[in-house]
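As a plain string of letters, each chain reads:
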Amino acid sequence: MAFEYAPAPESRAILDLAPSYGLFIDGEFAEAADGAVFKSVSPSSEEVLAEVARAGEADVERAVAAARRAFGTWSALPGAERGKYLFRIARILQERSRELAVLESLDNGKPIRETRDIDLPLVAAHFFYYAGWADKLAYAGYGPDPRPLGVAGQVIPWNFPLLMLSWKIAPALAAGNTVVLKPAETTPLSALFFADICRQAGLPRGVVNILPGYGDAGAALVAHPDVDKVAFTGSTEVGRSIARTVAGTRKRVTLELGGKAANIVFDDAPIDQAVEGIVDGIFFNQGHVCCAGSRLLVQESVQDEVLDALKRRMATLRVGDPLDKNTDIGAINSAAQLARITELAAAGEAEGAQRWAPPCELPSAGYWFAPTLFTGVTQAHRIAREEIFGPVLSVLTFRTPAEAVEKANNTPYGLAAGIWSEKGSRILSVADKLRAGVVWANTFNKFDPTSPFGGYKESGYGREGGRHGLEGYLDV
Amino acid sequence: MSSVVPAYAPDAPGRLAGFADATASASALRRFLHGLPGVDAVGLEARAAGLGTRSIKTTAKAYAIDLAISMIDLTTLEGADTAGKVRALCAKGTYPDPTDRRTPHVAAICVYPDMAAVAKEALAGTGIRVASVATAFPSGRAARAVKLADTAEAVAAGADEIDMVVDRGAFLSGRYMDVFEEIQAVKEACAREDGSRAHLKVIFENGELATYDNIRRCSWLAMLAGADFIKTSTGKVAVNATPPGTLLMLEAVRDFRAATGVQVGVKPAGGIRTAKDAVKYLVTVNEIAGDDWLSPEWFRFGASSLLNDLLMQRQKLSTGRYSGPDYVTVD
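Note that the protein sequences, when read in sequence, are chains A and B.
In case it helps, our numbering puts the first sequence at residues 1 to 476.
In case it helps, our numbering puts the second sequence at residues 1 to 331.
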């Protein structure tokens, strides 16, 4: 008899989900000016979780005006006072982390194991970290009196709804800016719970405004003349249009866009741990990670060994109910995203790469894609060049360190990369040659609020996190 | 589930074909062991911690608890051990929970060599094995002739399994061939007159090997020398079984079987006291080596106090209430 793990679902009872939610403008929840609403759906069951007000241009107008009014008083507060609010928010996030973890799993489809152990602790850590900077801006290395920019218009993606919110809001508020944030249309709920936390923390009205909505609301926010700073995380395609919109204006911009990170395994790597890093690199968060290690570059001499170990490991991944504490891989975020992953995987087969997935039963309702591996991939294949944003790994091989670097850099993107080797000097020399914002050595997908994150080339510009993340919200 | 410990498979003929070169000389052995893939400590520990977060409930928990009980080498290794104490432990191992005869018996009773005969007699007909620590346990610091005599005495007294300690001094000073030859010699000393052989478990004392790279090397060294089981520790030092160290040994037996076709068992020992810990180890066995190792034939817990916590958890599952320590026997 095999050791079958009985289901261990996290309770939904801790979550008090209302049937409908409004926009959060000037400290109040409000309906959209035109009364429009949309539904937020759980990707693992297609169950409608709640109806949410859909922001339009008039709502963007109201929210930016509220943020502008609040900016005067908020930016005039002593840094230590702003820090107090941020610390308070961080503590409430910790206190409510179980509730938020359940909500995020339901709305996004990602496993509770990740929301509980990774997302929520990092969200709180970002607020704690930037709370500490609020009264030390004069010592951040940008001169004795760096000033905030004004109103920040922020647009975030659906892959880490609450974490991306924290990356955007925490440094903006610490630096003295006020915020209008638009969460993604498939995952608006945790941002609205965050709005409630702002009220719970007594944050002054208008400092944080949340506008759930679609791309039109995001475009209106980016184009609004009274927005001083635009911060966007999402696709390179949308990033390009934002860059066009703000070109020639005085607005500052930070863009965190797509990636196609190379995960390079040398023949002297700690193989078992490298396999863990490969799995973590591409199957973490269903592969919905802009810095996912979606291109595995493995040295030919250890190719068979690594692939055998990787397949054996992939066969132990548990796909299913995101609220089950034993689930490793949850649901794909939306039907549209599933269609795109399916299309690109089909292209991989059509172009001659060999497809492999472990036997796994996928639930009948919801959006699912089995963890998938493509071998025999070359630089000429679409799956080696385009960001798939799903649990699909392309395996390429190399013979020499120079070839590894050449292939790793041969991409329009440059967000992240990984190196696996027991030889320190090789790690340092290869890392130095990689054109990527983050290079992990003998690990992958590790995040920390103190560490700057951002890309080269089509992966965007500007940095978030750390002291560098403050720079994007200060007039320096 | 069956609580019978299966008979051991005879040695595969042509064992370790293809690895003759690795053990041809001291320098070849050294090259081979140092050519094994390295271990990244941070990654290994993260993996072990990750497996520790698996949530095992209801039917899976009931299965795991019974399995863990059937895998215990119930142990008494005290200077003050007496025949009476050993007999009491044998009775406990046979009927761990007198209120529920469906409770599986343990895999073995583990004693010092001079108590092997007592245990053998007390366990007659139960199917429970007698394991005996030999080779100058726990330090391993004695002349080889003494270690071999220690082993032969225990086998003659009826021990079904010999738990030997490796010479950590020789290993740490790089004299791998000495360790290799000593394991081979002890294995020979496990032979009985009728041609059968006691089962050999090789104890590394992971805490004294200090690095994960050493644990991987020692695993391969012991398996190449003919170990039937590899065991983490004596239970007599500060650092005994740890989840990452055990995980690493499970990777080694998995890789060794893939390379040679020979399956070797793993036994963590020392410091495993709660059912929760034991279940984490079983999850690790399941996901690292695979369910082929999920039987008392291939995985054991070296423990004395673990059994009572498993029994209390078992009673909790069947009655819905915690009963407390007075509802399990003290032996």
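Heads up, a few of these hints could be off.
[Stated by the list, open to error] Quick list of in silico lysine-lysine cross-link-like pairs, DSS-like style, CA-CA up to 25 Å:
hint, chain 1, residue 1, chain 2, residue 2
1, B, Lys236, B, Lys276
2, A, Lys325, B, Lys120
3, B, Lys120, B, Lys85
4, B, Lys316, B, Lys57
5, A, Lys433, A, Lys446
6, A, Lys325, A, Lys446
7, B, Lys276, A, Lys325
8, A, Lys325, B, Lys85
9, A, Lys457, A, Lys446
[Said to hold, decoys possible] With beta-carbon atoms standing in for the labels, derived distance ranges:
hint, chain 1, residue 1, chain 2, residue 2, range
10, A, Glu28, B, Gly324, 47 to 57 Å
11, B, Ala49, A, Gly376, 32 to 42 Å
12, A, Asp268, B, Asp21, 20 to 30 Å
13, B, Gln184, A, Pro9, 44 to 54 Å
14, A, Glu4, B, Glu181, 38 to 48 Å
15, A, Pro9, B, Ser323, 50 to 60 Å
16, A, Glu47, B, Tyr95, 27 to 37 Å
17, A, Asp432, B, Thr211, 22 to 32 Å
[To be verified] Calculated from the model, a selection of chain A residues having no Cβ within reach of chain B, i.e. all distances over 12 Å:
hint, residue
18, Val48
19, Pro270
20, Glu305
21, Ala315
22, Ser429
Quick caveat, the hints were computed from the structure, so don't treat them as lab data.
Every residue, glycine too, gets a C-beta built ideally from N, C-alpha and C.
For this session: Of all the hints given earlier, name the ones this structure violates by number, lowest first.
Result: When the structure is compared with the hints, numbers 2, 8, 15, 16, 19, 20, 21 turn out to be violated.
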